[in-house]
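Listed below, chain by chain, are the residues.
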Amino acid sequence: MKYMLFGGIMVILFLAISVIIFFIVYQKRLLAQQIRLQSVQQEYQRELLSSSIAAQEKERVRIGHDLHDEIGSSLSTAKLLVNQLHHTDPDKAQIVTSVKEILSHTIQNLKNISLNLYPSVLTKFGLVEALQYLVSVLSQASPLNFSLAADEIKGLELPQELALYRIVQELVNNAIKHSGASEVNILLTQTEKCIALSVRDNGCGFDTQESGKGGIGLKSIEARKEMLKADMEIQSVPGKGTCIIIRLPIVKAMQSL
Amino acid sequence: MYAVMIPETIAVVVGGLRLKKLQPPLRYLWILVLFGFLTDLLSRIFILLKLGNLFLIVLYIPVEFGLLAAMYRYELSDSRTAKMIPFLTAGFAGYAFFEIITGKLQGFNREERFVEGFLLLFFVLQYLYRVLKKLNIFHLEYAPMFWLSAGLIIYFPCDIIVFTFSEYIFSSYSTTFNLQLWDIHAILTMILYIFYTLTLTIPRRN
Numbered sequence: 001m002k003y004m005l006f007g008g009i010m011v012i013l014f015l016a017i018s019v020i021i022f023f024i025v026y027q028k029r030l031l032a033q034q035i036r037l038q039s040v041q042q043e044y045q046r047e048l049l050s051s052s053i054a055a056q057e058k059e060r061v062r063i064g065h066d067l068h069d070e071i072g073s074s075l076s077t078a079k080l081l082v083n084q085l086h087h088t089d090p091d092k093a094q095i096v097t098s099v100k101e102i103l104s105h106t107i108q109n110l111k112n113i114s115l116n117l118y119p120s121v122l123t124k125f126g127l128v129e130a131l132q133y134l135v136s137v138l139s140q141a142s143p144l145n146f147s148l149a150a151d152e153i154k155g156l157e158l159p160q161e162l163a164l165y166r167i168v169q170e171l172v173n174n175a176i177k178h179s180g181a182s183e184v185n186i187l188l189t190q191t192e193k194c195i196a197l198s199v200r201d202n203g204c205g206f207d208t209q210e211s212g213k214g215g216i217g218l219k220s221i222e223a224r225k226e227m228l229k230a231d232m233e234i235q236s237v238p239g240k241g242t243c244i245i246i247r248l249p250i251v252k253a254m255q256s257l
Numbered sequence: 001m002y003a004v005m006i007p008e009t010i011a012v013v014v015g016g017l018r019l020k021k022l023q024p025p026l027r028y029l030w031i032l033v034l035f036g037f038l039t040d041l042l043s044r045i046f047i048l049l050k051l052g053n054l055f056l057i058v059l060y061i062p063v064e065f066g067l068l069a070a071m072y073r074y075e076l077s078d079s080r081t082a083k084m085i086p087f088l089t090a091g092f093a094g095y096a097f098f099e100i101i102t103g104k105l106q107g108f109n110r111e112e113r114f115v116e117g118f119l120l121l122f123f124v125l126q127y128l129y130r131v132l133k134k135l136n137i138f139h140l141e142y143a144p145m146f147w148l149s150a151g152l153i154i155y156f157p158c159d160i161i162v163f164t165f166s167e168y169i170f171s172s173y174s175t176t177f178n179l180q181l182w183d184i185h186a187i188l189t190m191i192l193y194i195f196y197t198l199t200l201t202i203p204r205r206n
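Protein sequences appear in the order of chains U and C. Counting from 1, one number per residue, gives the positions in the first sequence under the numbering used here. Counting from 1, one number per residue, gives the positions in the second sequence under the numbering used here.
The set of hints was computed from the structure by calculation and includes no laboratory data. Heads up, the beta-carbon is just placed ideally off N, CA and C, and yes, glycines get one too. One or more of the hints may lead you astray.
When the alpha-carbon atoms are kept at most 20 Å apart in a straight line, the in silico SDA-like pairs for lysine to any residue are as follows [what the hints assert, rightly or not]:
(1) Lys154(U) with Asp231(U)
(2) Lys134(C) with Ser39(U)
(3) Lys133(C) with Ile21(U)
(4) Lys2(U) with Ile160(C)
(5) Lys133(C) with Ala32(U)
(6) Lys133(C) with Ile20(U)
(7) Lys28(U) with Leu140(C)
(8) Lys133(C) with Ile35(U)
(9) Lys28(U) with Ile12(U)
Label pairs and their calculated CB-CB ranges [what the hints assert, rightly or not]:
(10) Tyr3(U) with Lys21(C): 17 to 27 Å
(11) Arg18(C) with Val251(U): 37 to 47 Å
(12) Phe114(C) with Leu15(U): 17 to 27 Å
(13) Met84(C) with Val251(U): 47 to 57 Å
(14) Leu15(U) with Leu135(C): 18 to 28 Å
(15) His139(C) with Lys229(U): 18 to 28 Å
(16) Lys21(C) with Asn116(U): 52 to 62 Å
Chain C with its partners taken away, still in its complex shape:
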């Protein structure tokens, strides 16, 4: 599903144009969007060359987690979670490095994806709880982090299901079913990138 590259490209271009105006945590998001776009592009090139591209997800997950976690660390400053985030990021990076050196790059990292999704959802919920507790955001529509959180809360629960069942469906059911599942995942990714673009576009005004 090549259509997924359209919102990715738009997010990269919009973020790039607004890079100077973006606040520090949102610059991480642009780096993530750019990294995601390049990873996707590379994976499609590998498909065209009929080469395995599963190892890219092993490299992508720690980077995605690290950058998103860094954004929430900035937002959740002074909390216990914020203090834990560097260690969790280091853990993810260490795990990825371990997989690379042990040659497990071709595996399907559903456990890693599950932990990543679970932790990111935890950060998102903690951010939303903080917004409700502090009540210092008067216009949610002008809070970029809210749009990012909305995107992640929509994307990750479904993403976890797709990753959890994909391998089982691939081995027990048809390839078509598996591809349909990944088409749904592509639609979710497109929705996520629309939210990323919103996050990068909306000026903070609170």
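In isolation and in its complexed conformation, chain U is listed as follows:
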């Protein structure tokens, strides 16, 4: 009886310890499995996002090309032909002048739309030149003062440059539409560890705690940020302007391709 009882206690003790060890091992295994699953899901989401953005860009390029090459050249031809019309009748001459002005405006608008849809400067000369061109176009079209300070950026592929360009476009667009700012400063720097892009305005700012998830523009920035595996920091105080910084670590920049 004695040995049976002590043996029984020992067996129960052994079983209890085994349950604890099994629990620890099983929990760690489940946790590792869950983390792996989450990372696979995140990677899948990122790939989905990248594909969707790539498809969107492809469509934009196609529309931009069509507008520029088809409608743009037709309008330019029409303008050339109209330029050859000479009327002695002052009423008709006035009409021809008006048509010329309308055609010129339309061609200019078409160029702007085409630039928005397909930044050809970016593909030909790179991100910094594209941003310089964007700033020069915006300075002519908008009453705001734009400034750009940019380092020479190395190591980025076209999809990444395009994503950063789109982010700047969206942020500048937000500043023009909503901030009521008089100045917008764009800063693009590269260090050994990361590429940092910041867009700062001196507008009305907002409460970052109460702003919620933002509109479509901010979501589009978020999507591109996710695609780039970059970090985004929003600094804003009501009445004191907004500064949005995107930091793209160099290692992640290589991986996000």
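Starting from the known structure of chain U, fit chain C onto it as the hints suggest.
For chain C alone, coordinates are given in the frame of chain U:
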């Protein structure tokens, strides 16, 4: 076996030193450790005075159950078990009060101990199931409630056996055998108090 008072004292001192840093449910554990230490001390004084001390277990069981159950109620919040815990505690307290007023204090409460152990093991298993289901604890080694559960899962199954067979062994076999059984129980209590000390020492970091 006076050695059992060493881990009890250490647990009381460690818990006392870390009392301000302890989260609400762990403060219950310190109260339990202190109560257990005082009960043990009192029982030994009664032995020295050659007085019966079995009535202390009748008072100790509802307090132990109530405090441990309160900790699991906190951890198992929003579950059916958590809602049942106050009633079960009240039941234990009511039973103890009934035993006191009916003068059954000198009896050996193996049924009460059995029910207590069974229910506490049920809470522990439900806690462990919840940990596996939620998977929100990344470092078990920094989860005080896990260490408490480990201690209880080791202690209570053996404790139930000791309490179940002790009276039978005392009446049917030798006193030496019975004392040996209680020595094993003392070792288990020491292990439990080591786990209590771990629970009171480890900072929650998850």
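>> Tell me the hint numbers this structure goes against, listed in increasing order.
In response: 9 and 10
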